[in-house]
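Novice: Using the sequences plus the hints, can you model the full thing?
If you read the sequences in order, they're chains V and C. For the first sequence, this note's numbering gives the first residue as 1, with consecutive numbering after it. For the second sequence, this note's numbering gives the first residue as 1, with consecutive numbering after it.
Source of the hints: derived by calculation from the structure; they are not laboratory data. Honestly, I wouldn't trust all of these hints.
Unchecked claim - Across the chosen pairs, the derived CB separations fall in these ranges:
| id | chain 1 | residue 1 | chain 2 | residue 2 | range |
| --- | --- | --- | --- | --- | --- |
| 1 | V | A114 | C | F529 | 36 to 42 Å |
| 2 | C | A99 | V | Q89 | 21 to 27 Å |
| 3 | C | F529 | V | D188 | 23 to 29 Å |
| 4 | C | E730 | V | P298 | 53 to 59 Å |
| 5 | C | E85 | V | P298 | 52 to 58 Å |
| 6 | V | Q143 | C | N250 | 49 to 55 Å |
| 7 | V | G156 | C | P540 | 27 to 33 Å |
Please read these numbers as outputs of a predicted model, since none were measured by experiment. The C-beta atom is built at its ideal place from N, Cα and C for all residues, glycine as well.
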Amino acid sequence: LVWQAGSVLLSAGSPAQLSPPSFNVLSGAEPISPIPRSLPLDARKVALGKRLFLDARLSRDDSLACASCHDLAKAGADGQKTSIGVSGQRADRNAPTVFNAVFNFRQFWDGRAATLEDQVDGPVGNPKEMASSWPAIMAKLVQDREYRAAFERIYGAMEPAHVRNAIAEFERSLITPGSRFDLYLEGDRTALTDGERRGDQLFKSYGCVACHQGVNVGGNLYQRLGVLRAFGDGSASVDPADVGRMAITRKQEDLLVFKVPGLRNVALTAPYFHDGSVEKLEQAVVLMGQYQLGVAIPNEDVARIVQFLHTLTGELKAAGS
Amino acid sequence: LKATRLAAAGAALVAAAFVGVLAWNAKTIDPAAHSRVIANLGKLQELDSELDEVTLKLRDALLSNYDPLVASLSLVHAHTRDLQEGEYAIVLVGGTELAAAMAGIAQKLADKEALLERFKTSNALLKNSFHYFPLSVERLLSDPRAPAALREAVQRLLRDVLMLRLGATPTDYELIALQIEQLHQGEARQAPAMRGKTKLVLLHAQNVLQHQAAVDRLVDAITDPAVKRTGHSLAEAYNTAFERRLLEANVYRFILLLLTAGLLTYAGFAFLRLRRSTGAMRESEERYRKLFELSPDGMLIFSEGRIVLVNSMCMKMLGASAPEQLIGRPYLELFQADYRERVGERVRHMEEANAALPAEERRIVMLDGTGLDVEAAASPFMHQGKPSVQVVMRDITDRKKADERLNYLAQYDSLTGLPNRGLFRDRLEHSLAQAKRSGRPAAVLYIDLDRFKTVNDTLGHATGDKLLQQVAVRLAECVRRGDTVGRFGGDEFGMILLDLAKPGDAAVVAQKINDALARPFDLDGHLTFVSSSIGITLYPADASDPAVLNMNADAAMYRAKELGRNNYQFFTQEMNERAKQRMHMEASMRRALERGEFLLHYQPKVDLASGAICGIEALLRWAQPEKGLVSPAEFIPVLEDTGLIIPVGEWVAREACRQIAAWQQAGLQAPPVAVNLSARQFQQKNLAGVMRDILKESGVGAAQLQFEITESLLMNDPEGAVRTLLGLKEIGVMLSIDDFGTGYSSLAYLKRFPLDALKIDRAFIKDIVTDADDAAITLAIINLAHNLKLKVVAEGVETEAQLNLLALHACDEMQGYYFSRPVPAAELEAMLREGRRLARSHDWSNAPPAVLLLDHNEHDLVLLAKALRSDEFEVLTAGSAEDAFVLLASRPVAVVVADQGMSGMNGTEFLGKLRKLFPDAVRIGISGASDPNTVANAINEAGVHKFLLKGWDGARLRNEVREAYRQYRTAVMRDSSKL
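Specialist: Structure (structure tokens):
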């Protein structure tokens, strides 16, 4: 009986019955789904992609590889506020983790790349990052006999599109199944402690889950940063040049609209937010409550939610090895 | 001479251009590209619908994450890319380039994606604001410092904002915006402590307002059917263009080959003439050789049965590296052995008639023995003074392959690789011929999956497709070589079984199929269960004509479905009879309207408070001259199927209006008359206009006419229903939702439908007295309807107990045999004249609660009743559970004392049911024996409050019951004071 579910709202007309409806009243389904154990991939491309991912020849002065800022040993990010490019310049935004990026609906904080392949062009050509170009890169790579042989075998030729595809294929192998929360979702009721379970409930009842849902606990929609309180009026600093999706759509309504980041392995990927302005996870939770929900989440609830967020850490083995 | 040369050159140029045009037009269509276009267009249309569906589910919170949307969109990307990367040499009717049309579709989908992104953002914010807005109001209200005026304003805001969710007009939005604005202005005057709280309330309210409007607008734009129509018409235009193109290509190819053969023959003759007349043999022979050698077609000349000359293309085609490998060999060796005689025959014939052989498809043998498909033309020829034959050959392997592929596409189902309906029909004909020869019976099976639609709806089309593929594999595993499995489309499959030892073997296979499909299917980790309904017909027992066998199998399959699915049915003559009967009925029904065989019966609805007749439902009846009254269950489906329901439905409305007018003229105060609207009528474009005209003609006021529309019909296309209902409402008629509770209603829509009344389906009323679930559902429906300000009518009320229970639960009206069955107009008129009312034996709903005794033993019952007699309460007695429920339905009961050892339903079971239906009543069990199991069961399952043994002492029992009675009263008092 579908209409029974809705009766909560119906009866809410009289203030006497103003008990807060939790989201599960409206929809019984679990909004977060576990990461699959594996994805169908071409192992040869993954291996080739891994080499390229670690290859500094993709940068202008052979000083930086993809892995420099997306360090697989540092949960696929670099722990920096914003990354440092070839000439020692700071990049504009915090480097997001490369783990589980395959589950993001678009790439970059502002979602300007539709696929992992398209994403590769970004850092490679960005003057503040790798500051190179495809002709320059190809000229270097083509001298490597092993590359030539591998590309010939797999793709039949060596072209920038193939380089992008190989890197992307490697990135698709970087998924982190087996987190304790996923085990819990898959039916192992003992995988979480009572406190963590409580944290999960709070994560849902506070409404974090309205945006942070799906397999990546986010990463599948855009959202404005600062819904109930303008972003940047508190401890965090805001770069006036960093306008979010507005830079792409040229619409005022997209000011400070970013891709909602996925929260998988979030405990390992500090600092937080697009500008890396927040050091501690606790602080990020508190600020999210203020900016997005208009609530001051009490300290004990923050602690529980952070406990829950820790259970999203999965198995971070670098694939292809 | 110069002029002649110029003219000749010009002519050659024109000819070359002509040949060029022919060659271009003869280019075969690549079947791979074709099937790619078809598959992509189809898939995109499917995905487009899927996006709409997911969007609606997300809006209604039936889905809790956005991954399905992302997944569908990434498939959309893949298919649009694939579509746009293809090369299409096809121009659509009207001259539009296909590529341009494809780009148009891609653009529409990209626009849709942009809308979807905004939808996700707004939907997420809306969800949260709906959560926090009431909380923020509560926080403000719980602050004792909040002034009364602010409280009142905020409470009003809360109510109005929450109602937005149930559908709103632009005025509603404006009103709320105004309230927010006023509260904003008042904010400055408030104490600082209140300011923050008010501000938060207003922020959340504003968010709800903004994003509810955005979500509504975006959902409308996303689900706009215009996109669907564009895709659909493109697919159609493409198909037309493709078929035309295919035909043209074949014609051109044929002309081209004839032309080549003709030209070369002409060149040959010209060369001979030249040699005779001028003797410039060498030069012209050289010319001919050049022409011969350079021809893009394979050419060879044979003389006296042996090859004398070949060009290099011919060598290439035959796999020879030097002319010597071919020259001197008998030309017949080029053909397969079993072919040679016929070819030789034809060539002799040609030589005798001295006429060319037109182009034909042939299969020749290459030097290494492999076969090659060619198109070849031959003509008589003089070579070195000897009568010879010149052959032009063209390799048509590619074309053959393409044709085969197209053929395949036309005959096989692309999803499962099984024969489609057309090929299945062909195979059936062949199979029957074979069965006829062998003299063994054959069978045709039709197989339909039972739950396929649910799989498609819940798991998506891609998963549905996977299921069909797996089903196809399992079906194929159920048959032997030589049998045929085909797919007719959707979830329908067919099977031909040959060489059956006995007819019963078909049943063995059918059972095998049922079993094979009953095993779970693994669809990407979802274990899914389906079952199948199978119809079987036998050759030659049932029929020998393939068309008849197909019809039989279909009829038998429908019978299997009717019989509750997951079974198989053999075709019987009875099914045939039924089909015939139906045809007969259809034919006589077509004449029924003009012959005036339809009539209306009227069933009164009664107001439960006053007992007076407050409404009438008009019901269609058919008096067939030969048979008398035909059951509506029999003829109404036929009316629906044939579309006759539209004229008949209009007749019903017209006749009802005529009757209303007649009653009015006779000075009767008749209540409004309701007529039912069927699905087809409801989809009629101008329904409201038609009904308005009927009202006008009859001079009856709109308030006198009502329409009843079933729940499932409304929910089938709720958006459309809102529009149609609003159109009807504009005329001024009353509307009710019929058979409520049997379909799936969305509360949001229910609120938006402009309804006046809701009729609870008879299925719930039937067991309302004894079935706790039905009672709970009925009660919930009544509450829901009252919340939505709808009157509630209970259908199918047949007993007093049902009536009492409904009255107890504040149901407004009833309709059913208990008061009156549907009767002819005259009888109803009589009822109205005598002012007949519903007489209720006694209304106990306000009586003080009683004590109920239940014992199957009459003697014990009397004794018990005596023992319990008291001034405090009345003692009711029942000899059976049924009687007890009837009593319980009609009046409040505080304590129930039940004997455990009853016939029919045992005491524990009775008390258990009682606990669900009337949780407040105190339950006491008594038993003659002290069997510990009975006691334990009574306590655990029925939750009895006390358990007593028979052989009791009267005073103690009285005390126990009195105690229980007081307990009940105190509890009820406490509850009511809380209210």
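Novice: Indicate, hint by hint, whether the structure satisfies it.
Specialist: Hint by hint, here is what the structure shows:
1. A114(V) / F529(C): 36 to 42 Å: 38 Å, holds
2. A99(C) / Q89(V): 21 to 27 Å: Violated - the Cβ-Cβ distance for A99(C) and Q89(V), about 44 Å, lies outside 21 to 27 Å.
3. F529(C) / D188(V): 23 to 29 Å: 25 Å, holds
4. E730(C) / P298(V): 53 to 59 Å: 54 Å, holds
5. E85(C) / P298(V): 52 to 58 Å: 56 Å, holds
6. Q143(V) / N250(C): 49 to 55 Å: 54 Å, holds
7. G156(V) / P540(C): 27 to 33 Å: 60 Å, violated
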